[in-house]
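Trainee: Residue numbers (my numbering), protein chains in the order written: chain A, 21 to 289; chain B, 5 to 545; chain C, 174 to 494.
Just so you know, these hints were derived from the structure itself, not from any lab.
There's no promise every hint is true.
As the list claims (entries may be wrong) - Covered stretches of chain C, as calculated for chain A (at least 3 residues, CB under 8 Å):
id	stretch
1	313–322
2	349–362
3	428–441
The structure presented is a predicted model; accordingly, all values stated were derived computationally and were not measured.
Glycine included, every Cβ here is placed at the ideal spot set by N, Cα and C.
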Amino acid sequence: MLVRLLASPGGGLGAALTLVLLVVGLAAPLLAPYDPFAVDGPALSRPTGAHPLGTDALGRDLLSGIIWGARTSLLVAGCVAVLVSIVGATVGLLSGYAGGWADDVLMRLTEAFQVLPRFFLALVVIAFFGPGLDRLILVLGLTSWPLLARVVRAEVLALRTREFVEAARVHGASRTRILLREILPNAVPPAIALLGLVVAQVILIEAGLGFLGLGDPNVVSWGALSSEAQQFLRVAWWLSLFPGVAILLAVLGLNLLGDALTDVVTGRR
Amino acid sequence: MTVVAVGVLAAGCNSGSDGGGDSAAEPTGTTAPTRGGTLVAALDSDPGQLNPAITTNGGVHTASEIMFNGLVGLSPEQTPVPELADSWEVLEDGALYRFDLRDGVTWHDGEPFTSADVKFTFEEMLLPFHARTKASVGAALESIETPDDDTVEFRFSEPYAPLLLQLDVTEAPILPRHVYEGTDVQENPANSAPVGTGPFVFASYTPDSEIRFTANRSYFRDDLPHLDELVMRIIPEGGNRVAALEAGEVDWLFGAPGAELARLQESGGYGFLETSINPGGSNCIMTVSFNLDRPMFQDVQLRRALGQALDGEQFVERVLFGQGRVAEAPISSGIGFAHAADLDGMPQFDRAEAERLLDEAGWVRSDGGTRTAQGVQGVPDDTPLAFGFTHFPTFGQYGQLLRAQLAEVGAEVELVPLEPAAFGDTVFTSRDFDTNIISYCNGVDPEIGVKRMYTTDNIGPVPFSNSSAYRSPDVDRLFDQARTTVDDGERAQIYRELQEQLVEDLPYLWIVETVGTRVYDSACEGFGPAGHFAEGAHCSA
Amino acid sequence: MTRRYVLRRLLQVLPTATVILLVGFLLIHLAPGDPVLALAGQSGDAEYYAFMREKFGLDEPLTTQLAIYAGNALRGDLGTSYVQGRPVFDIIAERLPATMLLTGTALVLSTAVGIVVGIVAATSAGRWPDVTVSTTALALYAAPVFLLGQLAILLLALRAGWFPVQGMRDARDPGTGASQLLDVGHHLVLPVLVLASQEVAAVARLCRVGLVDELARDHVRTARAKGVPERVVVTKHALRRALLPVVTVLGGRVGHLVSGAVIVEVVFGWPGIGRLLVTAMQTRDAPIVLGIFLLVAVTVVLANLVTDLLYAWLDPRVRYS
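Using the sequences provided together with the hints, build the complete structure.
Mentor: Listed below in structure tokens is the structure:
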């Protein structure tokens, strides 16, 4: 499966970009040439040898900022992915397994959360509760699970009939255990594909919020960098371009990878 | 006895600028001003409503002052000049002011302007709702009399020195009685379609888009305004405003991001007007407050140390891009007579000294990291020197720089941005903050915007009052004295004594005085710095 | 299409709408910060604030406020804006046309262009045109909207001078009648381009996938074998079914477009509800924030509804009992 994934052009590029993102984010303290908050450098300096991506108005190195920003994006994306997985899998499992009116209710709930405009909701939450990574993670984590729930539920439904057939033959093995042992592993590949796309969305939303000035000022994030870069668009183009390109590459990589994974997974069936 | 306040307009104006002030603008240069044309100005936000008498909100004032007048205007040197009142007498040592109103002034709807309008505006709008006027004039005023249609008298219980500096269109705009009488002044539809006496008449208001005005051809200054039409375009993004100016879609900016100014200056074709007078408030100082109710900040040595760790020049250079100066005294240099030059106690930037003071105060460094308390009164041992810094989102750059500078001496700062709507409540009502930064505008007289920062009776819940919760009976007494002293020389002495006490007690850290730079297409000239900026403006071609 | 299906689908809107209302309202009113201070500028006093608080019913317990609000909302009364002192409904209604113009045009444009791009990509699947076109579309989709907006302003408005930098109309001379339409159109180009470019990829990708599938099917192969020209094969035999997925995601795309519109409106100074929302958030004008949130959520719900009905009508195989 991995070979097939990497063979397709999209998958290969996507995997590469995603890998870069992971490495940069995890190894940020080792890779960044400067402390991203240090105001020692010259203000608004173009890319030079000392500062390969230039500096901002306060004299902070942009390359270091982007590296640490990758770390923040990873953190947010990772936490959201975990939250989404937990909530989505739980709802999906319950809904598919229980069936009947519980399934109906949960599906209505899923639908309601699915149509909630996430960006708007994040805007409202951040604007009223103040900026902060924790709020962002909560908001996005608690609203991005519907699609995952559906995927898991579909798995449960698909396997339930098979399970009944098998249970007729296998005595004693607990239905629940078979459910968990059979279903979850099967649900993982489509879930991961979906998570890739969810995470890409999360990064874009965080950037958008940052642009509107609603990012967390106590961490380095690509969104915050973009927001500060706004007023310097003409005098310091590098401040807008590089964070923007970083976002683009990260989101592109995740989307490509997610797509390739989906292709591989659906191709299997 | 006349009262004259002497002030100095902050910093020299750059080349190519014209200071029109609030008095009748004399055309400069040898060519006669071009008549007609439309001027487009950019606003950074939608004002919401257009009545400047019931609020001190900067956005409302910027957009609406052009339609109104005050009794007494202010010249570029901040001295009183006639506006709606053409002469006045100060009697009974300053307890009675009599104003002779200008003849032949009419409202935009044709009705004549009379003393009844003045009395009505003060009693029904300014004193209940305009916070600065209410807090200063309102506290001391006994009554307003109108012996006839052309005369207004202000009677105070004690001599009130600063009155003539508080009657301009920013502090006391006059509104028409015949439009507002008998109505709820806050709901009256005229708040979105005003009637005034000013140089421009309201034409239309499209929310979040633009406000349009036409010239008042019956304006009491005969040859003004030169322009036919004025449009205020609402463009929230700073970069977009500059872009609009460069594209020729807009002719006048009330301010430009500091980084763009150098570029605009280089490209040529623009005029610049540097000023510390703003429609929302003048002579503003970026001030850091300490929540003195919290034990960590109760040691003046700690506050002094933090003050010495701050490099004001770096703020001027990197946050203001030169649009301002390091604050050298608690009272702005824009209020010349009261500003105390060469104050000994003002914290000077000295990192080594700051570190020494911190060590002495009991805040110990553990190998280059954040300091912790060891034997600090009221603070448990091993508490880190870490605190929050609350600020408007637009002041984010101050926070970022302050955090970096204080990190050098082992203090850890957490930024807490708060929108204005939440800021007031959190800082002034619940007092839930460690430190904050506020642009405290002094006004043109210390009575207007300085006193409220320091007196004991001004501690919460009203926003932008005494944020540190500083309590000093001596200082309270000195402010009372200053208010009732009419002689300027004596007042200056009192304010000097006050500032000496303030830098000794250090309830705040005064960082930088800010200056705004208006930018305009050089095809136009004749501008003033504030609300009446376009009164004498004209554009060629 | 059965009437039962339509009715059931319609009824499903209500619980969703209720959840939306509840979520929005609770969030806004549980947040820290007193909305009343948005009114009074830099310095008001305690009496004034108390007066304002009572005037806007902020003293009532939350549940009472919610009940009042819900009842009003159903009647079309969304409350009064704290800051502007006017009904929220009026304020939103004033600005809605601008956003509808922007998102509507972007929706149509991105669908049209997306389909064309999808066809190009599908018919040359795996080869050069497909790769370049697909990657470009994907890159546009991955780029943050504000970056595209700022680049557009920088290159097309400032450098080239072809388009205005901001706003919906010319400030100096708005003009009337036909010239006004032209003026608005001129101002519309950049914001729509930026907004639509994001969506082209989404449409193109769906179209491409569906078309590739269809083109591999038996009946298409038969048509080709019969000698039917390729163009007819694509448009007549394959396209209709391939477009079904495009229709399915219409609801989601509306949501995405409106979210993107917030940023586009801020970048270009377009006077729509996106900008209104941002301003209202800054002034803590809760009724407007809630009103817009509600409006957008309900719009997305309705878009989903329309989508489902449309899909059911187009594809007879889809019939829920």
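Trainee: Now tell me, hint by hint, if it's right for this structure.
Mentor: Okay, the hints, checked on the actual structure:
no. : hint    : result
1   : 313–322 : holds (count 7)
2   : 349–362 : violated (count 0)
3   : 428–441 : holds (count 6)
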